[in-house]
Every structure is written in structure tokens, then in C-alpha cells.
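Engineer: Read off the chains here:
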Amino acid sequence: MPVMSGRAELENLIARTVLRDRAAFGALYAATSAKLFGICLRVLKDRAEAEDALQDVYVKIWNRAGRYQVTGHSPMTWLITVARNCAIDVLRRRPRDAGGDARDLTLRDPAPGPEAQAVAVSEAGRIVACLGELEEDRSAAVRGAYLEGETYADLARRFDVPINTMRTWLRRSLKQLKECLDT
Amino acid sequence: MSDRPDIPPEGVEAGEYVLGLMPDADKAAFEARLADDADLRAEVLEWERYFAAFAEAEVAEIAPPARVETAIKARLFEAGGASIWHRVGVWRALALAATIAIAALFFWPASQAPGPAYEARIASEDGALVLTAVLEGDMLRIARLAGGVAEGRSQELWLIAGEAAPISLGLVPDADAAALAVPEDLRALFAGGVLAVTDEPPGGSPAGIATGAVLALGSISET
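If you read the protein sequences in the order shown, they are chains H and P.
According to the working numbering, the first sequence is numbered sequentially starting from 990.
According to the working numbering, the second sequence is numbered sequentially starting from 53.
Hints are computed from structural coordinates only; laboratory data are not their basis.
Only a predicted model underlies this, so the values are computations on that prediction, with no experimental measurement involved.
Backbone N, C-alpha and C fix where the C-beta goes; we use that ideal spot for every residue, glycine too.
Be a bit skeptical, because a hint or two may be false.
Partial list, derived from the structure: chain H residues whose beta carbon lies under 8 Å from chain P [unchecked claim]: (1) L999; (2) Y1018; (3) F1026; (4) I1069; (5) T1070; (6) K1164.
Turn these sequences into a full structure, and let the hints guide you.
Structural biologist: Now the structure itself:
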């Protein structure tokens, strides 16, 4: 398993990256690139595209490290959000349907790994548990939107329902999730 | 009410936005509202936090191939690197007389006055030679992270400021660490400058101008 780093250490590395410290940026890459590459691969299902997306991710991290503190996010939340959004941008720039076959070949909802099982009390544990409370299809739709970058049209096609129905499902799911997370 | 597809239930719009489900027109309108609605911004951040936590738990780590890091560093750092390598050619063309005049600055008396601290990572294009240099007070502390000095040769460190010819800062010994005294006038030139290491005959360049190959370069940044 790649280097695991505590929040304080990652915060320090991001702060030094703001100061153009290349060694700190290198250490940040060493500590976090495997997780962020996992995210890019999950979204894009294509190694070459995921590698390109990961480049964009770290170029963005270098250029925007100064904006990290404004968000109030934890380091991993910020890094994962940057990575996911970069990967979605690459996905959306794809010619329409070009990746359709590849995406259908992959598992959509693999069983949670050991990490997921180990975070029962954390916020990650809460969101995983709250997603688990949704009906299976609806949980899959929310996951699909976040991790596969699926649009309402994609989801409507996948679940074979009209787009408006899908929109209603998803909004209800988000409302239910929010209520679950707020309690 | 919440069943009507055109009206999102309260609190979920931010979630739709974070998931990337909003049509472009709605997204633009939503972002305009975000600009002056702190509560809405907080909702967006909250959804980002939830979904990132979910992704952190759910997505396995997969080590990317080394070429990705190489490509990132090339994109970020070699734009400057290429130009400084290119500029070396320009300095070579400068008149020797001017060079010697500027190099004479090196011999001006040093002062102990503290100034801003600077640092540079001085590396060859292939990464086989890597030094770091940190200027604190009047001492330039050098650490050799990779690569040695070829037998029977010397490595000389040069400060390149603006379009002027390189100024010798002295020889870099074949050791893990070294320190060179830097005169005050040269310290003033560190901001925005470049440090370069050249291959020279034993004892350094006899002419006060770099004569050998440029082995490594690095831009100076303020620490």
C-alpha cells in the first residue's frame, strides 16, 4: 500500500506547495497519487485517459494550492474533489458515446474494500451507511453520477426510465441522504 | 411538490450541482447565486465533503506509472527549464571583457547583513545530478542529492541574473554538503535568478567564464 499520510502532514505539504516548494509537491504526489489515480481510473475506465487526467489534477493542485484553505476542506476532501472534477471534465470532453462500450465492461458497484469497512464511525462510514439505506437502484444512481460522471440522460438509459423520473428519483435520494447525514 | 421534476426539494440543488447533474443553463444560474449566498456555498462544500469521503472509502488506491510524475514535472517546471537552458547559449556569446568585469563582483568584500532567504533545486535534464542550494545570510548551503564530480574535473557553480553573463560562486566539492560564502552584491542578484553547475578543468574555469558543459540548472525562489 502506498504511503499513508496524516492530515497534518498533508496540510503541511499543501502549504509548502503554495510557497512553490517542489520537494513538498513531490512528497504530496507520492502520498496521494495512488488514491487520485484510482479516482481518475474509476471515472474514465481508460488508463491512458486516466494518466492524462492525473497530470491535469496535479498541475491544478500546483497552481491552485493557495485556494485550498478557502474551502475549509480536509486535504483529502480537497484533493479528491479536484481529481474527480478533472476526470469528469475529461469524460465530458469525450466524443459522445465513444467510451460507451468500455464503460459497460466494468463493474459498476464493486463490494466495498477493506478501507470502506474500516471507516464505520467516520464521515466516510456515515455516507456509505446512508447510501446503503437508499434502495439499491437509487444508491447506484447517486454513485454513478459521482464516480462515473453519469448525467440524468445516462442514468435514465441505464435504468430504463424517463429522464424526468430519473431526476425525481435522484432528487429524492439526495433529500433522503441529506436527512440521514444530518441526523 | 418534490415529485415535480422541475422543482428540486430544498437542499438538494447543491447536491445536484456537486454531482454535475445540472444542465449548463441551470449551472450558470446556480453559480451566479453561489457568488453571494454563503449558505448555498456551505451546502456545496458539505456535499463535496460527503461525496469525497465516500470516494475515499470506496475507491481503491492504484499506483500510477512513473511516467505520469515525469510528465507533470515537465509541464510545470520545464517551461522555465527549457528557457534557461536556451539562455546558456546566449551567455556563451557575451564578450569576455564584460564577463570578467561582472565576475569581479565576486571579489567584493562580503557583509553580514541578513536578507531574504533563497533556494534552488539545481538538476540535470536527466535527473542524474541534483543539488539543492539554500542562501541563508551570506552562506549558500549546498546539498548534493544525486551525482558526483567526474574524476579529474571540477564542478563550478554560477549565478545567472537577468541577461548578464554568469557569475562564478565557486567550486562545488564532491561531497554531500558544502557551503560557499556569497558577497552582499551577489546576494542582491539572487531574486529571480538561476543557478547553474558547469563541468570545468580542475580548480575551475581559468577564464572567469564558464567554459565547460552546463550540467545542471535551477531557478532560484524565495523561501
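Engineer: Looking back at the numbered hints, which does the structure fail to meet, lowest number first?
Structural biologist: 1
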